[in-house]
Amino acid sequence: MKTLLSDKKVSMRDALSETILKFTQEDENVYVLDGDLATSTKIDIVANENPKKFLQMGIAEQNMMSVAAGLTTTGIQPWTFTFAAFLAKRAIDQIQVQIAQPKLNVKMVGGYSGLLTGLTGKTHQALEDIAIFRSLANMVVLAPADATEVKKVMEFARSYDGPVYIRLARDAYPILFPNDYNFKLGKAVTLNEGTDVTIISTGTQTSRSLEAAEKLEAEGVSVAVVHMPSIKPIDKEAIIKAAETTGAIVTAEEHSIIGGLGSAVAEVLVEEKPVPMLRVGVKDRNSESGPNEQMLEKYEISPNHVAQTVKDVLKKK
Amino acid sequence: MSNLLSEEKLQLLNEKSIESRKLVVHTVHHAGAGHIGGPMSAVDVLVNLYFNELNVNPEDARAENRDRFVLSKGHSAVALYTVLAIKGYFPIKELDTFDSMDSRLQAHPDMNILPGLDMSTGSLGQGISAAVGMALGAKLKNKDFRTYCMIGDGESQEGQVWEAADVAVKYGLDNLVVILDNNKLQQFGWGESFDEREVPVTNPCERWQAFGWNVIEIDGHNHNEITKAFNAARTVSGKPTIIVANTVKGKGVSFMENTHRWHSRVPTDEEFDHAVQELEAGV
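In order, the protein sequence lines correspond to chains U and Y. As numbered in the working numbering, residues 63 to 379 make up the first sequence, in order. As numbered in the working numbering, residues 171 to 453 make up the second sequence, in order.
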């Protein structure tokens, strides 16, 4: 199969907003907890249209996560919303001790993940959240690639009894999935078939990887693109199969190259099927505030960087 | 002033307190590990909760409408374990497994493996927020159970305690009672010399009042006062209650009292015998 990049871009935040409102309307036990970023994360829709289901927790992320843990013990399914940076780095002890260790049914939605956070700069970006969350036992870590997949992973999270971290981005991304797309926990999705090399990508970096694959195909390189919405649990079989069929792997993520998808894929390859592999991601450095396209170029995660990394890995085959 | 407890009930609670303290000393001595000073200061409030105040039943430890208790100062777990064992949640003999491999009695409370624990705690400052969540959940779901939580005065140095304090007032959680085990010492604390140490906050009542809480100050080793405070908390509407329980770290054993040295020291065989003698004499 071959996935074409649609011209239609839809905001992940809008998809989230519609979906969470629907959940609060359909399920008496779904409540929304806001770390006072509702107008950024777009969950203010719940405050406006279903205010009884909206619990303002103020600018106090640590308390918010522990309150959520307590709420689960009364049968409530709390959905907590703040920026990925604050979940993963400010409240991670609360998340580990009171949510992950006891496996409580808290949903954690990290908005503004990665590098493109609307000119907010390095204090508000999250380039470590995948690394941090996937190291916690009992944690599920999901990073959807488009607005359709945002809805699908949220539907999964609602039906799953346990902690789930959903990594979202601020801006609009091309629609990749049809409405009848079926998200499965722990399963990768092949978006492009190819024989020379496989790009394994997650979240927002998947549409950039498809763009890179198109460019490379025009140059005669056959590139498979495997999207990994479920970073934990990860689809080991898909990684091994990609290594066997194409013999070279590039991972791509809007995240640090330390500890994220690239590390997760490398862990599988080293133990099961070592093949040449390179990682696209932010290379162990702090970033800054700036316009999206310039940020992608400077921090080496643009489609051009993905394409160049594919060429580099092919030399190692 | 009339006492609310009958002579019989008061005697029962005092006996349970002595039994609990003996078991704390026994368990730490047997395990060769654990905290001792903080658990000993917490015992009387815990005994009063489980034998006088909480609507709980060891036979139905997960009952939906049971009262909840969160030990936010999780390192005092051993005191809670002795009270839960005396109450009948598990055999007293099981206290001997404390801190050993595969034990349900972890160094800090694990809600998933021991019946009677309503929340896992250990990292300080978090339990009170979870208790706020339970009390808020009760309000949202129109349940009439009450939520109780014990915090430490050292623990109150964690900023999260005050985040929780704010939100509890914001949501008018009059179904929440927090007990501050105000033993005025912590692991090492502040001081001019090694032995003269303290928690620097001397005005917890003013602080909690400023945060908008109903504040009741008591002697945390007096079952009559503890009972009166719980009763008074039930009459308050629209805001949460904090009971500032003035206590003695290491309470009940002369050489453990009022010193940080017994925060987590294990008694020698000789010290153990001496401690049991003092506790049996009912100091």
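FYI, nobody ran anything at the bench for these hints, they're computed from the structure. Just so we're clear, the structure is a prediction, and the values are computed from it rather than from any experiment. Take these hints with a grain of salt, some might be off.
Pair ranges (Cβ atoms, derived) [as the list claims (entries may be wrong)]:
1) U:L247 <-> Y:E376: 35 to 43 Å
2) Y:Q181 <-> U:E90: 45 to 53 Å
3) Y:D230 <-> U:Y222: 57 to 65 Å
4) U:N241 <-> Y:D230: 44 to 52 Å
5) U:D106 <-> Y:K309: 28 to 36 Å
6) U:E279 <-> Y:K309: 55 to 63 Å
7) U:Y243 <-> Y:K340: 55 to 63 Å
8) U:D346 <-> Y:K309: 45 to 53 Å
9) U:K84 <-> Y:I283: 55 to 63 Å
10) Y:S270 <-> U:K151: 31 to 39 Å
11) Y:K309 <-> U:K184: 22 to 30 Å
12) Y:K309 <-> U:D233: 31 to 39 Å
13) Y:G329 <-> U:Y243: 22 to 30 Å
14) Y:C375 <-> U:K184: 41 to 49 Å
Here are the simulated DSBU-like pairs of lysine-lysine, each with C-alpha atoms no more than 35 Å apart in a straight line [unchecked claim]:
15) Y:K354 <-> U:K114
16) U:K165 <-> U:K70
17) U:K360 <-> U:K165
18) U:K379 <-> U:K249
19) Y:K398 <-> U:K151
20) U:K184 <-> Y:K192
21) U:K165 <-> U:K345
22) Y:K311 <-> U:K165
23) U:K114 <-> Y:K192
24) Y:K340 <-> U:K165
Built from N, CA and C at the ideal position, the CB exists for glycine as well.
Hints, verified against the model:
Between L247 of chain U and E376 of chain Y the CB atoms are about 51 Å apart, so this pair departs from the stated range of 35 to 43 Å. A hinted range of 45 to 53 Å for the beta carbons of Q181 of chain Y and E90 of chain U is consistent with their spacing of about 47 Å. Distance hint check for D230 of chain Y and Y222 of chain U: the Cβ-Cβ separation is about 28 Å, which falls outside the suggested range of 57 to 65 Å. Between N241 of chain U and D230 of chain Y the beta carbon distance is about 46 Å. The supplied range of 44 to 52 Å therefore holds.
Checked against the hint of 28 to 36 Å, the C-beta distance between D106 of chain U and K309 of chain Y comes to roughly 23 Å, which is inconsistent with it. For the pair E279 of chain U and K309 of chain Y, the supplied restraint of 55 to 63 Å holds, since their beta-carbon distance comes to about 59 Å. Our hint of 55 to 63 Å for Y243 of chain U and K340 of chain Y is violated, since their Cβ atoms are close to 41 Å apart. A hinted range of 45 to 53 Å holds for the C-beta pair D346 of chain U and K309 of chain Y, which are about 47 Å apart.
For K84 of chain U paired with I283 of chain Y, a C-beta distance near 37 Å fails the hint of 55 to 63 Å. For the pair S270 of chain Y and K151 of chain U, the supplied restraint of 31 to 39 Å holds, since their beta-carbon distance comes to about 35 Å. Here the CB-CB span from K309 of chain Y to K184 of chain U is close to 40 Å, at odds with the stated 22 to 30 Å. Checked against the hint of 31 to 39 Å, the pair K309 of chain Y and D233 of chain U passes, with Cβ atoms roughly 38 Å apart.
One distance hint, 22 to 30 Å for the beta-carbon pair G329 of chain Y and Y243 of chain U, is violated here, with the actual separation near 43 Å. In this structure the hint that C375 of chain Y and K184 of chain U lie 41 to 49 Å apart at CB holds, the actual value being about 43 Å. For a cut-off of 35 Å, the pair hint linking K354 of chain Y to K114 of chain U is broken: about 41 Å separates their Cα positions. Distance hint between K165 of chain U and K70 of chain U is unfulfilled; the C-alpha atoms sit about 38 Å from each other, more than 35 Å.
Restraint check for K360 of chain U and K165 of chain U: the C-alpha separation of about 39 Å exceeds 35 Å, so the hint is violated. Our distance criterion of 35 Å between C-alpha atoms is met by K379 of chain U and K249 of chain U, whose separation comes to about 27 Å. Annotation: proposed proximity of K398 of chain Y to K151 of chain U is violated, straight-line Cα distance about 43 Å (limit 35 Å). Among the hinted pairs, K184 of chain U with K192 of chain Y is inconsistent with the structure: their alpha-carbon atoms are about 55 Å apart, more than 35 Å.
Distance hint between K165 of chain U and K345 of chain U is fulfilled; the C-alpha atoms sit about 33 Å from each other, no more than 35 Å. Of the supplied pair hints, the one linking K311 of chain Y and K165 of chain U holds, its CA atoms being roughly 22 Å apart against a limit of 35 Å. Under the criterion of a C-alpha separation no larger than 35 Å, the hint pairing K114 of chain U with K192 of chain Y is inconsistent with the structure, at around 49 Å. For the hint pairing K340 of chain Y with K165 of chain U, the CA-to-CA distance comes to about 28 Å; that is within 35 Å, so the pair holds.
This entry does not satisfy hints 1, 3, 5, 7, 9, 11, 13, 15, 16, 17, 19, 20 and 23, going by the numbered hints stated previously.
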